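Chemist: Take a look at the letters that make up each chain.
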Amino acid sequence: GAGVSQSPSNKVTEKGKDVELRCDPISGHTALYWYRQSLGQGLEFLIYFQGNSAPDKSGLPSDRFSAERTGGSVSTLTIQRTQQEDSAVYLCASSLSRSYEQYFGPGTRLTVT
Amino acid sequence: RKEVEQDPGPFNVPEGATVAFNCTYSNSASQSFFWYRQDCRKEPKLLMSVYSSGNEDGRFTAQLNRASQYISLLIRDSKLSDSATYLCVVNTRITSGTYKYIFGTGTRLKVLA
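Residue numbers (the working numbering), protein chains in the order written: chain C, 1 to 113; chain E, 114 to 226.
Because the hints were derived from the structure by calculation, they are not lab data.
Keep in mind it's a predicted model, so treat the numbers as computed, not measured.
Do not rely on the hints blindly, as some may be mistaken.
[Claimed, not checked] Chain C is faced by these chain E residues, among others (derived, beta-carbon under 8 Å):
(1) S162
(2) S166
(3) Y212
[Stated by the list, open to error] Covered, in the sense of this in silico footprint (three residues per stretch, anywhere, with C-beta under 8 Å from a C-beta of chain E), are these stretches of chain C:
(4) 36–46
(5) 102–112
Ideal Cβ placement from N, Cα and C applies to all residues, glycine included.
Using the sequences and the accompanying hints, generate a full structural model.
Modeler: This is the structure:
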């Protein structure tokens, strides 16, 4: 079946602009996660959605970052007033439920110039 | 102390060798464990879950030692295509409704011809 998809695959933006990154999880997966990974570094947790529960936003690095998940499916991560340090690969993952293995999308490579 | 620790490597091994990685975790309440593989500039892909009794998938064997709080991954008969970074993932139940996945920073493996 279809895996996790993300769009765009690459995004180059100017410092100060807002960007939106999209994630389509695997159908039927109730849990959805956003991570970011800088070059040569480990995964940094950003936010987690589980069904209709309030999201766990504990990993968001600043109030410039926000995310929503509409209809329990597609999620959008928004970064406002982008900074150069926001440059990274943003990865989305979904899982059947909260204790199951996660499946990752191919990521969005964000470059802030 | 980090919640999940891995030796970053790199482990350089010849083709056909057997290689093992360990990953230690600090929270004794951790419940589920996974190994992921990440190729350069790609997303992490699930390699295998780790079960209490240990499990094998072809040339790969995973084990869990709850008493000492570590998991291991053994790769037999290494292939060039096994060259990648191996991520240890630990899932811990925080409250009755909240789980937390912690990713290790990965162990780099390079299999040499």
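Chemist: Against this structure, judge whether each hint is valid.
Modeler: Outcome of the hint check:
1. S162: holds (6 Å)
2. S166: Nearest chain C Cβ about 18 Å off; hint violated.
3. Y212: Since the shortest Cβ distance to chain C is 4 Å, the answer is holds.
4. 36–46: Contact hint for the segment 36–46 of chain C vs chain E: holds, 4 residues under 8 Å.
5. 102–112: holds (count 6)
In this structure, the one hint that does not hold is number 2.
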